[in-house]
Amino acid sequence: MKNQIVSLAKELISIPSVSNDIPKAVEIFEVIKKQLPEYPYTSFVSRGLPSILYSNQTKKTKNFKIIFNAHMDVVPGTKEQYQPYIKDGRLYGRGALDTKAAGAVMILLFKEIAHKLSYPLALQLPADEETHGTGTGCQLEQGIRTEFAIMAECNSNFQVTNQSKGRKVVIIKTKGNVAHAAYPWHGQNAIEKMYRALQPLMEVYPIPTVETYETTVSITKIETENNALNRIPYDCTAYLDIRFAQKDEDIIVEKIRSLLPDDVSLESEHKHYYHHIDANNNYISLLRRATTSIIGKELPVRFTHATSDATLYSQVGCKAIEFGPIGEGAHNTNEWVDIQSLEDYYYILKNFLLQIEANAVTSAYLV
Amino acid sequence: MNHKIIELTKKFIAIPSDSNNRSACLHILEEAKKELEGFSFTSFVKDDIPSLLYTNTSNPTKSCKILFNVHLDVVPGSKKQFIPLEKDGKLYGSGAYDMKAAGATMILLFKEIAHKIPYTLGLQLVTDEEVIGYKGVNHQISEGVSAEFVISGECGSNLRIVNQLRGLYVVKLLASGVAAHAAYPWLGSNALLKLHKTIGEIMNQYPVPQAPSWQPTINIAKIETSNITHNKVPHDASAYLDIRYIQEDTDIVLKKIQSLLPDEITMEIIKTMPAHHTKKTNPFLQRLVHASREITHKDPQIAQSYAGSDIIFFSMKNIDSIEFGPVGDGQHSDEEWVDIQSLEDYYRILKHFLLSIK
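Residue numbers (my numbering), protein chains in the order written: chain A, 1 to 367; chain B, 368 to 725.
Calculated from the structure, these hints are not laboratory results. All C-beta atoms in this analysis are idealised placements derived from N, C-alpha and C, irrespective of residue type, glycine included. Relax, there's no trap hidden among the hints.
DSS-like mimics (lysine-lysine), calculated; alpha carbons at most 27 Å apart, straight line:
| id | chain 1 | residue 1 | chain 2 | residue 2 |
| --- | --- | --- | --- | --- |
| 1 | A | K79 | B | K599 |
| 2 | B | K638 | A | K193 |
| 3 | B | K599 | A | K255 |
Covered by chain B, per the in silico footprint, the following chain A stretches (three or more residues, Cβ under 8 Å):
| id | region |
| --- | --- |
| 4 | 204 to 212 |
| 5 | 223 to 232 |
Can you build the whole structure from these sequences, using the hints too?
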């Protein structure tokens with residue numbers, strides 16, 4: 001099995017399918033389609049970019065018991081990174097960890113076992129997780145639902161990521177009065193006004209010096225339309241990236257509003273809900289049992305500060321977790337995945353799927 | 368005389384000679400040439416920007432005793448502003464105050480009496496003051512134009528004699544930090560936040576005065592970062608400051624700002640213009656005081672200007688110069704006007720001044 005996994009992973013890595021590269025996305029999906037000729041699939045298109053969903057059901061359905069999700073796009077890498085190689089039990093290359101090798105495992109496992117399962121199982125393969133998430137997003141928008149999704153995300157190293165912070169972008173605008181810079185008493189500087197407006201906010205949300213599970217606020221951009229340096233700027237816009245803790249979900253925007261003066265305008269863009277799945281969720285329990293039986297280890301749950309496509313499932317009321325093999329160097333020049341862990345990953349997921357099959361007759365247990 | 372000045376001013380206002388409208392700028396210089404037919408002049412061109420120097424000598428010369436400085440360009444305005452309008456003793460229109468009426472006065476006065484004057488009188492006509500006259504006044508000076516004393520008809524003086532102007536520094540502050548994913552702000556160092564703090568300190572050191580005040584002022588004109596993604600802690604940020612300083616602070620203001628900068632913020636000087644100061648005791652300035660007293664029966668004020676103008680270029684060559692123009696208001700606004708009675712006074716004071724010099 002190991003050889004098949006590594007061989008497919010290498011083939012996927014050698015295609016430089018950087019997010020939003022449509023021809024490369026098409027190319028990588030052609031490779032996958034050759035692997036899964038006997039299964040029906042649905043193609044989706046979002047922003048011109050394809051994503052696909054394989055199903056083990058002959059009749060078309062949107063509701064699945066389990067969905068496996070592995071994104072086939074990567075962040076840009078060096079030329080050498082698209083030439084995968086093996087060294088000391090590790091497979092190196094762009095996307096080895098994030099998430100092509102795990103994707104190869106899911107594809108091969110789906111190929112082997114999906115037709116033997118009585119319940120609906122899907123394999124979801126988007127190509128823009130690194131940038132927009134509209135691949136997974138548009139499938140969910142079109143009604144794809146599941147009881148439980150496993151995202152082959154990196155960084156989880158045989159842990160289950162069941163919680164991640166939510167995210168909002170807040171846009172703050174100040175208005176001043178234009179005047180010639182030599183006569184500042186005739187005008188009002190919108191950048192100065194922004195400084196005073198943000199001051200109390202920065203005191204309440206200082207930049208943490210160590211990791212925190214509390215809400216963080218980062219100023220990511222400040223700009224003005226003013227281009228004449230001898231003019232008092234009449235406008236200023238600041239963008240804040242807010243990562244919020246669960247308790248702040250409903251109040252964070254109001255709280256920020258309350259820290260700002262009245263003559264400052266605020267808009268907020270919702271990006272991601274806080275994502276949280278009970279660590280005792282039945283499917284997590286099954287995955288825990290599968291992990292223990294295959295590698296003889298406990299399966300810890302963990303929290304992540306960043307968001308991923310898993311949070312998109314939260315937004316439509318579905319449960320999703322991140323669970324992937326062992327490796328390091330995602331988004332880095334030295335990205336690798338541990339080959340033994342890929343085989344373990346394969347057998348854990350297989351065990352997980354088969355347990356569900358065994359329990360299918362007593363499905364009440366799962367609900 | 369007043370009638371002629373107003374007619375020529377109206378003609379000038381109707382030409383939309385904003386500094387970037389080169390054909391209109393050429394057009395207005397042609398109109399001035401028509402008025403001054405018969406006088407010798409030198410044409411200058413720098414990067415396609417023309418300017419003229421008229422003298423009362425039979426052959427063109429670049430060395431003048433007294434030089435009148437006139438800019439005939441304006442800042443961009445609405446169509447309506449290029450239709451001159453007389454109302455309640457005021458003449459409205461783009462450039463009425465800044466400084467086409469003063470220009471028309473100087474041109475007509477030159478035309479009337481230049482031939483009677485025993486010394487070299489120059490009349491300098493440029494069309495790039497509003498975008499800082501590197502290609503007009505500065506170019507002429509670099510080509511050898513000089514004078515013992517320069518009077519610019521700049522607005523803002525209101526029949527006062529402006530002998531001091533603030534200088535200008537434009538500086539860029541560049542803050543560097545460490546980029547990080549915005550979900551992990553503790554892994555980065557936010558350059559924008561650092562800059563934000565420093566700007567706060569600069570603002571506290573140089574608060575904006577509530578009323579006109581002869582002191583340095585700082586405008587934070589722009590702030591930006593090269594970061595374009597909202598989920599990233601920015602690794603750089605820059606701010607542009609427009610600093611207006613008085614001559615006494617020439618060496619102090621930048622040192623003070625430098626002392627407020629942490630290690631991760633550097634300062635780059637982008638533009639510098641000197642502060643200007645022609646002494647009150649300058650004999651030509653005293654002549655102008657005297658002429659003004661003769662005509663208005665009052666002592667004129669000696670005043671300061673908060674902004675710079677083309678006379679800064681004379682300063683850089685140690686040529687004494689002042690700003691002296693008629694009464695008005697609203698330069699660079701939709702409601703620009705010049706007081707018509709003050710134009711008559713202006714004309715008579717300048718005439719008296721020129722004739723009083725031997």
